[in-house]
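Peer 1: For the record, the sequence lines run as chains A and B.
1 is the number of the first residue of the first sequence in the working numbering; add one for each residue after it.
1 is the number of the first residue of the second sequence in the working numbering; add one for each residue after it.
It should be emphasised that the hints constitute simulated quantities derived from the structure, not laboratory data.
Possibly wrong hints are sitting among the right ones.
As the list claims (entries may be wrong) - Below, simulated DSS-like cross-link-like pairs (lysine-lysine); rule was C-alpha separation at most 30 angstroms, straight line:
id, chain 1, residue 1, chain 2, residue 2
1, B, K111, A, K173
2, B, K111, A, K129
3, B, K19, A, K234
4, B, K111, A, K35
Everything numeric in this text was worked out from a predicted model, so none of it was measured.
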Amino acid sequence: MEQYLGTTERWFITPLVLMFLAMIIYLLLRKLGWKARAATGFALVSPWLIGFIIFTAFPLIYSLYLSFTNYSLFGTPKWIGLNNYIYIFTNDYEFWPSVRLTLLYATFTVPIGVIGSLMIAMLLNNRIKGIGAFRTIYYLPAVMPDVAVALIWRWLFNSQSGLINYVISPFLKIFHIGKIDWFGDPKYVLWAFIIMSVWGIFGTNTVVFLAGLQGVPRSLYEVAELDGANSWIKFWKITIPQISPVILLQVVMGIISALQIFTVAMFVRPTTGAGIFMNQLIYNRGFTQLHMGQASAIAWVLFVIILAFTLLVFKSTPAWVHYEGEIKR
Amino acid sequence: MVDILHMYKKSNKVRNITKKTILYIVLSAIAIVILMPFFWMLSTALKSNADIFAWPPDFFPKPALWGNFAKAWHAMPFNIYLINSIFIVVLGMVAEITSETLVAYGFARFKFPGRDLIFFILLSTMMLPFHVTLIPTYLIWQKLGLVGQFDPLVIRAWTAWGPFYIFLLRQFLMGIPFELDEAAEIDGATPLQTFVHVILPQIKPALLAICVFTFRGYWNDFLGPVLYLNDMNKYTMTLGMYFFMGGVNEQPSWNYLMAMSIVIALPMLVLFFIAQRYFIEGITFTGLKD
Chain A
1 MEQYLGTTER WFITPLVLMF LAMIIYLLLR KLGWKARAAT GFALVSPWLI
51 GFIIFTAFPL IYSLYLSFTN YSLFGTPKWI GLNNYIYIFT NDYEFWPSVR
101 LTLLYATFTV PIGVIGSLMI AMLLNNRIKG IGAFRTIYYL PAVMPDVAVA
151 LIWRWLFNSQ SGLINYVISP FLKIFHIGKI DWFGDPKYVL WAFIIMSVWG
201 IFGTNTVVFL AGLQGVPRSL YEVAELDGAN SWIKFWKITI PQISPVILLQ
251 VVMGIISALQ IFTVAMFVRP TTGAGIFMNQ LIYNRGFTQL HMGQASAIAW
301 VLFVIILAFT LLVFKSTPAW VHYEGEIKR
Chain B
1 MVDILHMYKK SNKVRNITKK TILYIVLSAI AIVILMPFFW MLSTALKSNA
51 DIFAWPPDFF PKPALWGNFA KAWHAMPFNI YLINSIFIVV LGMVAEITSE
101 TLVAYGFARF KFPGRDLIFF ILLSTMMLPF HVTLIPTYLI WQKLGLVGQF
151 DPLVIRAWTA WGPFYIFLLR QFLMGIPFEL DEAAEIDGAT PLQTFVHVIL
201 PQIKPALLAI CVFTFRGYWN DFLGPVLYLN DMNKYTMTLG MYFFMGGVNE
251 QPSWNYLMAM SIVIALPMLV LFFIAQRYFI EGITFTGLKD
């Protein structure tokens, strides 16, 4: 019982402290001459701001500092300059393979996920009998917990008695390949992860695309039909531009989450020989081997990669994302 | 003339029927692929230890061993893990949804200097990998002497730590006509009263969707528990499953693992079927079009 009591107590005190702080902020801003509504608004968002400063801004800077130090969780961090980065870039036999696996995984799953779920959303956008049941089925994988998803697929891909090896066994015979050790063989591990993620990805993305498709005004299609446009032209000239903001959102969110794959991979537990993802490497380095400095350095590399990809996508938006009411030049 | 028109209509009808048939076939084929893993999970869960490694695999367990569920459940102290998980889910959800709604309310309905800049920063935190802040955050909780307690998993929820949900709620809140706030204000309502009586009822679908999302988040969380909980008595369901899998080189008992996978997925599936309408509506209404 006592393991719950302490936490519960602190859990009740925290919002009181936050409310108190918000009140002080409100009074201070009023003193500075802010209008009542403006001060209220700022006070309302202050809990997020406080959390951001303590748990995001400070840790971000501190982890950058740690990445230049030698630190094992005990004692004090020792400044070693760029040594951690030099080590992971040149000497670390786990670093580059994990970068490669993570990048390849994102490169394949993001386009497959976005294009595939758009196509499925278009199928589900038909008004036919029983479409509701199909929508529910297609959404099911998205509600499955990561643990269950990982374990199901690990079992399906099992090398000795997995269903997938059984289904493809005729092909394996033709090419004279033995049973494939999907999650144990570096040649196949990427594909196994891609197939698994595609199954999980479709649900959420499809619903969002479906919402986007339903938001495209019917009148646009009707006008195009009067002009004699066929389905192909309608798709490229109306559907795609109209839902391009949704595509942008899906691409960005897809990149961010694909590069951060962790829980599923921890439960699939690919053998070290087969390869691990960057987030797993960060976790292992930091909390298993207690090389906090190296772990921070790898984390920062991952951060820079995510930032670069996201900015690249945003930079490309004027070319293909169409916003309502925007004047085309 | 009438005849030609009639024939045209008829051919159109035939075309429609073919189109529909193809659509149904494609939809069903994909549905089977999506459902197959679910079927295989259930089928494996009911098999005997010897049956699971049969080659070629049996599609149906014979006989179906429903007792596997009880056996798997009692193989580890899942009773305690379940209580711990429920504890974390309830505390986390209440704190997170309350704080995020208030923060989103502040962003959506009030004008103040720096608002757009702060909101932009909030959105950019979505790009921040969780693992970058992981080690310093761990050090903070260590300094506070709370590593090993449930605190690191639930206390932070009070600071509205889900930027995406704030974004969703803000989009939703911006869709509510301002006249409603103003009318309430003229009637002498304080911002808090306006919030509870005018705003909250309007955003119910969004809140329900976020309930499902956050439930999934806390129920699913693995990184938090594996980092902060080191006492067996504090393990959650997800963390319990991690140890239930056994060592790296062990061949797990797949029937029991599949049984527990079903158990761990069950709350999510039930919640989804209850909230399904709101869930999908909640995503639909996010105003992603603009």
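Peer 1: Quick check: which numbered hints come out false for this structure?
Peer 2: As far as the earlier hints go, 1, 2 are violated by this structure, in ascending order.
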